[in-house]
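*Asks:* Required output: the full structure, derived from the provided sequences and hints.
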Amino acid sequence: MDFVATDTQAMLRDTADRLVRDRYDFEERKKIVASEDGFSRKLWKELAELGLLGIEIPEEQGGSGGSFADVAVVLESFGKGLVVEPYLSTVVLGAGLIAAAGWEAQKHDILPKVASGDMLLALAYTEAHSRYALNHVATKARKDGAGYVIDGHKAVVLGADTADKLIVSARTSGEVGDATGISLFLVDPKAEGVSMRVYPNLDDRRAAEVTFDGVKVEASALVGAEGDGLRPLEAAIDRGAAAVGCEALGAMGALNALTLDYLKTRMQFGRPIGKFQVLQHRMADMVMAEQQARSMLFLAIEQADAKDPAARAQAISAAKAQIDACGQVVGRGAIQLQGGIAMTMEYIAGHFFRRLTALEKMMGDRDYHLERFAI
Numbered sequence: 009m010d011f012v013a014t015d016t017q018a019m020l021r022d023t024a025d026r027l028v029r030d031r032y033d034f035e036e037r038k039k040i041v042a043s044e045d046g047f048s049r050k051l052w053k054e055l056a057e058l059g060l061l062g063i064e065i066p067e068e069q070g071g072s073g074g075s076f077a078d079v080a081v082v083l084e085s086f087g088k089g090l091v092v093e094p095y096l097s098t099v100v101l102g103a104g105l106i107a108a109a110g111w112e113a114q115k116h117d118i119l120p121k122v123a124s125g126d127m128l129l130a131l132a133y134t135e136a137h138s139r140y141a142l143n144h145v146a147t148k149a150r151k152d153g154a155g156y157v158i159d160g161h162k163a164v165v166l167g168a169d170t171a172d173k174l175i176v177s178a179r180t181s182g183e184v185g186d187a188t189g190i191s192l193f194l195v196d197p198k199a200e201g202v203s204m205r206v207y208p209n210l211d212d213r214r215a216a217e218v219t220f221d222g223v224k225v226e227a228s229a230l231v232g233a234e235g236d237g238l239r240p241l242e243a244a245i246d247r248g249a250a251a252v253g254c255e256a257l258g259a260m261g262a263l264n265a266l267t268l269d270y271l272k273t274r275m276q277f278g279r280p281i282g283k284f285q286v287l288q289h290r291m292a293d294m295v296m297a298e299q300q301a302r303s304m305l306f307l308a309i310e311q312a313d314a315k316d317p318a319a320r321a322q323a324i325s326a327a328k329a330q331i332d333a334c335g336q337v338v339g340r341g342a343i344q345l346q347g348g349i350a351m352t353m354e355y356i357a358g359h360f361f362r363r364l365t366a367l368e369k370m371m372g373d374r375d376y377h378l379e380r381f382a383i
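Heads up: the sequence shown begins at 9 in the working numbering, then just goes up one per residue.
Just so you know, the hints here were simulated from the structure itself, not pulled from any lab data.
Glycine residues also receive a C-beta, built at the ideal position from the N, C-alpha and C atoms.
There could be a bad hint or two in this list.
Unchecked claim - Beta-carbon label-pair distances, calculated as ranges:
1) 30 <-> 137: 42 to 50 angstroms
2) 303 <-> 227: 45 to 53 angstroms
3) 224 <-> 185: 20 to 28 angstroms
4) 266 <-> 30: 17 to 25 angstroms
5) 235 <-> 12: 39 to 47 angstroms
6) 12 <-> 161: 43 to 51 angstroms
7) 30 <-> 206: 42 to 50 angstroms
As the list claims (entries may be wrong) - The calculated lysine-lysine pairs, modelled on BS3-like cross-linking and capped at a C-alpha distance of 27 angstroms, are:
8) 115 <-> 151
9) 151 <-> 224
10) 115 <-> 198
11) 121 <-> 224
12) 224 <-> 148
13) 315 <-> 115
14) 38 <-> 53
15) 115 <-> 148
16) 115 <-> 38
17) 198 <-> 224
18) 39 <-> 50
*Replies:* As C-alpha cells, then:
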C-alpha cells in the first residue's frame, strides 16, 4: 500500500491533533470522565461539525464517502489524547455495520444521524465464556407474530449506557457455536425488558452488562438477512481490531514523547538521567516498538475492507498480536523509566498504560489473535 498520507488524511490528522491539543488536555479529560455521561456531548457535536463522524458514510447520507484509512489517522490522534468519546462504538463498529449489512431504509435513517452527531450506537455481541468467539451466541430471538422476542445477556458492551440504539447479535436458529443462525437486531436500550449494569473500564471508558428479558422488536429491526449475521459481524470486529490498533499507536507515540521528555529533565547525580546509556537503550527499544506497531498497522489498514475474509482475518490478527506486544513494551518501559510518579492517578503516564492494557483486550487479546493467525 501507499505509506504516504493523502492530502485529505493530512488535513484530518491536523484537525484531530489540534482538537486534542487545544480541547483535551489531561485536566479537561478528568472532568469529562467524571461527568454524568462519561464523555462530552458538546465535543461530540464539534466532531460532527468538523466532519469527523461521517468520514466513511456516503455523501448521499450526510458523510464524506472516505475510506477506513481516513478514519485511521483520526483514531491515532484520539489515542494521543486518551479520548473517551464513543467514536469506536458508534462510528467504527455501529455505523460501519449498518453501512455494510443494513437495509437501505436503515442506512437512510441511521447514518445521517450518526454523521450529524444525533445518534449514538453500541454493538452488543460479547457473551460470558465466549473467549472472543463470535459464533458463541446463546442470546435467542424467536419469532413472535410479525416480529421477534429477544432473551439473553451480553457482556462488556462499550458505550451501551449512552447509546440510542443497540445492535444485538442473537440466535434465530441452531445451537451455540454454530456459524449459521445468527441474526443482528436494532434494539432500543430503553425498551421494556432491557436492563443494564454500567461500570467503568480500565481506561475510563464505560461499558455495561446488558440483559434482554422478553424484549419485543419489529421485523424491521432485523439488520440484514435472518441467520446471516456472523459474516458482517466478523468483518465489523476485524475493522474494530484495526481501529484499536490505531488508538494504541497514538497512545504509544504520546507516551514515548512523554517519557523522553522526562529522561531529558529528571536530574540525578548532577545530570539528566537520559545521559545514562542503559536508559538510552531502553528508550530506543520503546521507539522501535512504536515503529514496529506502525508498520504492522499499515497491513491492518490495507486489509480492513478486504473482500477475502480469510486474508483479512489473517492480516488483522497478525497486526493486532504484534501491536499488543509493542504496546506492552512501551507501556511497561514508560512506567519503569519514570518511576513511582508514573503509577499515580494524578499523572498521565499511568493512564496511557491503562489505555494500552485495555486496548490489548479489545476485539481479541494477543493469545486469541496469535492462534487465529496460525490457523
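*Asks:* Going through the numbered hints above, which ones does this structure break? Give me the numbers in ascending order.
*Replies:* 7 and 16
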